[in-house]
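K.L.:
Here is how the chains run, residue by residue.
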Amino acid sequence: MEILFQQIVSGLATGGIYGSVALALVMIYQATDVVNYAQGEMAMFSTYLAWSMMNAGVPYWAAFFGTLVVSFVGGLLIERIVIRPVEGKPVLTIVIVCIGLLVIFNSVAGWIYSYIQKPFPSPFPPRPIMLGTVVFGAHDVGAIVVTLIVLAFLYAFFRYTTLGLAMRAAAQNPASSRLCGIRVGWMLAIGWGLAAMVGAVAGMMVAPIVFLDPNMMAGILIYAFASATLGGFTSPGGAVIGGLIVGVIENIVGTYVSFIGTELKLTVALAVILVVLVFKPSGLFGRPAVHRV
Amino acid sequence: MSARVRLGLLLVLLAIAVALPLFVSNFRLFQFTQVATYAIALLGLNMLTGYNGQISLGHGAFYALGAYTAAIMIDKWNVPYALTLPVAGLLCLVAGFLFGIPALRLEGLYLALATFALALAVPQILKYFEDWTGGSQGIVLSKPKPPWGLAITPDQWLYFFTLAVMLVLFFLARNLLAGRTGRAIVAIRDNPTAAQAMGINTPLYKSLTFGVSAGYTGVAGALSALTIAFVAPDTFNVFLSITFLVGIVIGGLASISGAILGGFFIQFVPNWAQDISKAAPWAIYGVFLILTMYVMPFGIAGTARLLMARRLRRAGTARAG
Amino acid sequence: MAALLEARGLHAQYGWTKVLHGLDFAVEEGGITTILGANGAGKTTTLRAVCGMVRTAGEVRFDGRDIAGRATEDIVRLGIAHVPEGRGTFVNLTVEENLRLGAYGRSSRTGIAEDFEAVYRYFPVLASRKRQVAGTLSGGEQQMLAVARALMLRPRLLLLDEPSLGLAPMVVREIFRIVRTINRERRVSVLLVEQNAAIALGLADQAYLMETGRIVQSGPAAQLRENDAIRRAYLGY
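Protein chains in written order, with our numbering: chain G, 1 to 293; chain S, 1 to 321; chain E, 1 to 237.
None of these hints come from the bench; they were simulated from the model.
Keep in mind that a hint or two might mislead.
[Stated by the list, open to error] With a Cα cut of at most 27 Å, we get these calculated DSS-like pairs of lysine-lysine:
1) 18(E) to 89(G)
2) 76(S) to 127(S)
3) 278(S) to 118(G)
4) 145(S) to 76(S)
5) 76(S) to 143(S)
6) 127(S) to 143(S)
[Said to hold, decoys possible] Beyond 10 Å from chain E on every Cβ pair, some chain G residues (computed):
7) 33
8) 173
9) 180
10) 213
11) 268
12) 278
The C-beta atom is built at its ideal place from N, Cα and C for all residues, glycine as well.
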C-alpha cells in the first residue's frame, strides 16, 4: 500500500511536469490553432540557461527567476520575430516553422553545451519526507508545489486582470478584439512568453530527475501531447489534470506491470492517445469542435 | 503555361533525367535515386494531406511497412525484387484503407495526433517482432543486378528502375487527380458537408484516398529497401514522418511537381547544411525551413502557381484596359 | 463646420475583387447619417473600410486626421466604435467582461465606472444579466450588449452595421430609440448601415443610397423619405 502511495505521489510530480508542458501547448493552440512543436526544446534551452547562470555562481532561486524572465522575453520575441511573418498563413506552414525552431534549439543546445548529460540541482533538500510510514521524495513534493503555484498564478492572471481578459478575448475572437482597441498581435506574443515561462519551470523541475541533456524534453513532449489529448486541447485546466493522470498511470503501470520496461514505457503514452482519440477525441474536458456550415 | 510548352518542358526534363548517369558519380546517382523514391512517397502523402486535407504525421509507418515487406520477401522467400513492389503497394493500400476507417472520425489536430502516435510506435513494433524483422540488427539485402546483361552498374540500374516506376506512378496519379475522382477528393477537403450534399460518398473516398496514399508510400519504401539494401527499425522513426511532411509543404501542397521538388529538398538540403556548418548542421537546416516558409509559404510549386496566376491576371487587366 | 468623418474617393477590395468604387460621404458632428441599399451593395464593406478592416485606397478623414491605411486597433482608439454585422460579441465571456473589454483602450477608472452606470441605465436588461455568459443571451439582448460595448469606448463616432438584422420589430424600435437618446445626450455621431430603409430614414438626418459599390443618391433623410420615385425604385415601399 505504501509503495502505491509513493508511486502516486511520484506520478503526480512527473504528471505536474507533463501537465505544465501540456498547458503551454494548449495556451498557444487556443490562440492560434497551431501546436508549438518547439515547446519542449524551448523549455530545454531555458533549463540550460539556468544551468549556465548557476555555473557562473548565481544562487538557485535567483537563477530560477532570472530564467523565467529571460524565457518570457525570449518567447515573446520569438513570436514577434519568427512567427509573425507567417501569421495568417496556412496552419501547416506555421507548423513547419515550429519544426524549424525545434531543430534549431536542439542543435544549438548540443553545439554549445555538448550532448554529455549534466546534473541539475534541485532546490529541495535530499532528505525524504515522512508521512506516517510512507516515504516521499522532497523533490517530488516540491515539484508538485511549484507546479501548483505556477498554475495558481496563471489562473489568477487570466481570470482577474484586464490584460488576462484581453488575452482571452484575443484568443477567442481576434476581429472583435481589434474593435475594442486590443493589439491582438502583442497578446499573442505575451501568450508565447507565458508559455515559454511555464515550459522553463517544467524543464527546471524535471532536469534533476532525468539529468540535463539536449534530448531531455523529447519524451516529455510526447507525454505532454498525451496529457493534452486526454484533458482536451481546448481546456487549459483539462491539460493539467490530464498530465497528472498520465503521470500517475505511467508510474503505476511501470511499477506493477512487469513487461513494460523502459523501452515500452512510451507505449503507455501512445496507448493513452489512441484510446482517447477512439472514444472521445475532444478529451475529458474539451469541447467538441462545432462546424458551421 | 500552354499545354505544348508544358509537354516540351517535361520532355526536356525527362531527357536530362535519362542522361544523368552519364555525367554523375555512382554516389550522386544513388542520391538521385533517393530523390525519386522520396518523390513517390511524397506524392502519396500529398494525395492525402494536400488534395484531401487529411493530415498525416505517420506516413513513415507505411514506408516502413513497404520496406520491410520487400526485405522479408527477398530475404526469407527469395522473391524477385520487382514483384515485391506491387505486393508492398497492395499491402500498404489495404493497411491504409483499414487505418482510414477509424480515422474518419478524426480531424485536423486529432488525426495528426493519431498518426503521430502510429509513427512513434513503429520502431518499437519492428524491434518486438524480432523473428520476422531481425530486431534491432535489421535485414541486410544485396543490390539487384542489372537484367538482360546490360553493361551498367547496379546503381545505374536501380536509378533507371526507380525512375521508371516513378514515371508510371506519377502518370497514374495525374490521371486520377485531374479527373472526377480528383475533383471529388479536393471537394471533400474544401467543404466536406457540401461534398456529401452533392452526393459524393465522403467516407468511402476518404478511406480510399488513405489507402492509395499509403500504397504509394509503401512502394516507395520497398524501392528504398532495394536501393539502400538494408532495413533497420531506427531508420523508420518519427523523424521520417516529419521529414515527409516537411517535404510536401516545402514542395507545395496539392501539387504533383511539388512532390519531386520536395524530394530534392529533403535529400539535399540536410547535406548542404552539413557543408555549411559541421558543428550544428541541423540548426542551419532549421533556418532553411523557416526562411523557405517566409519566402514561399505555399511551397515552391504553390508559389510558382501564384506568381503565374498573378501574371495572367495582370495581362488580362492590361488587355481589358 | 467640417464633418467629423469624411470619405473621398474611397475604394476597397477583398483580395482581387474590387467592391467599393470611389465613395464620397460624410458624417456631421452630432449627426446621424445612414447608408442604405440592397444586399451586396457594399454597405458593410464601407464600414469595414472606415475601420481599416479591408484593403482601401482613397481618403478617409476623422476629425481632420487621415486614418486610411491605419490598423483597426489604432483607428478604434481614436474614438470610433464599430458594432459589426453579427454583433461580434465574445460569446464565451460574461456580459460584464464584454463591457470591460469595450473600455480596454481607456485609462480613466472614474470615466469607465461612470460609463458602466450609464450603459446599465440605457440597457437595464444587461444590468440584470451581468454575470451571464454572453452566448446565452437572446438576439435582441446580444445586440444591446454589442451597442453597449461600443459605448464603453466613449466614442465620438458610432458605426452600426445592420442592427435590425434578425430582430423582432419591437426590439428594433427599442434599440433605435436608445441610439437616438445616445446621440442626443452624449453627442455621439452615428453612421448607420441598414437594409430596413423605413426605420433608418426615421432616425437619420442625412442619407446615402448605395448600389453595387457606388453612391447613387444622397441628401437629407427627409428628402429621400418624401421622394416617391426613389422610394419605390430603390427602397421597395
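K.L.:
Work down the list of hints and note, for each, if the structure agrees.
P.N.:
We went through each hint and held it up to the structure:
For a cut-off of 27 Å, the pair hint linking residue 18(E) to residue 89(G) stands: about 22 Å separates their Cα positions. Restraint check: the Cα-Cα separation between residue 76(S) and residue 127(S) comes to about 18 Å, which is no more than 27 Å; the hinted pair holds. Restraint check: the Cα-Cα separation between residue 278(S) and residue 118(G) comes to about 23 Å, which is no more than 27 Å; the hinted pair holds. For the given pair, residue 145(S) sits about 19 Å from residue 76(S) by alpha-carbon distance, which is consistent with the 27 Å threshold.
Using a Cα cut-off of 27 Å, the hinted pair residue 76(S) and residue 143(S) holds, with the two alpha carbons roughly 16 Å apart. About 24 Å separates the Cα atoms of residue 127(S) and residue 143(S), which keeps this hinted pair within 27 Å; it holds. No Cβ of chain E approaches the Cβ of residue 33(G) within 10 Å, the least distance being about 16 Å, so the stated non-interface status holds. For residue 173(G), the non-interface assignment is contradicted: its Cβ lies about 6 Å from the closest Cβ of chain E, within the 10 Å cut-off.
With 10 Å as the threshold on Cβ separation, the claim that residue 180(G) sits away from chain E is violated: the shortest Cβ distance comes to roughly 5 Å. Listed as outside the interface, residue 213(G) is consistent with that label: its C-beta sits roughly 41 Å from the nearest C-beta of chain E, beyond the 10 Å cut-off. At roughly 34 Å, the least C-beta separation between residue 268(G) and chain E is larger than 10 Å, which holds for a residue marked as non-interface. Remark: the non-interface label on residue 278(G) is consistent with the geometry, its nearest Cβ contact in chain E lying 28 Å away (cut-off 10 Å).
Figure legend: structure checked against the earlier numbered hints; hints not met, in rising order: 8 and 9.
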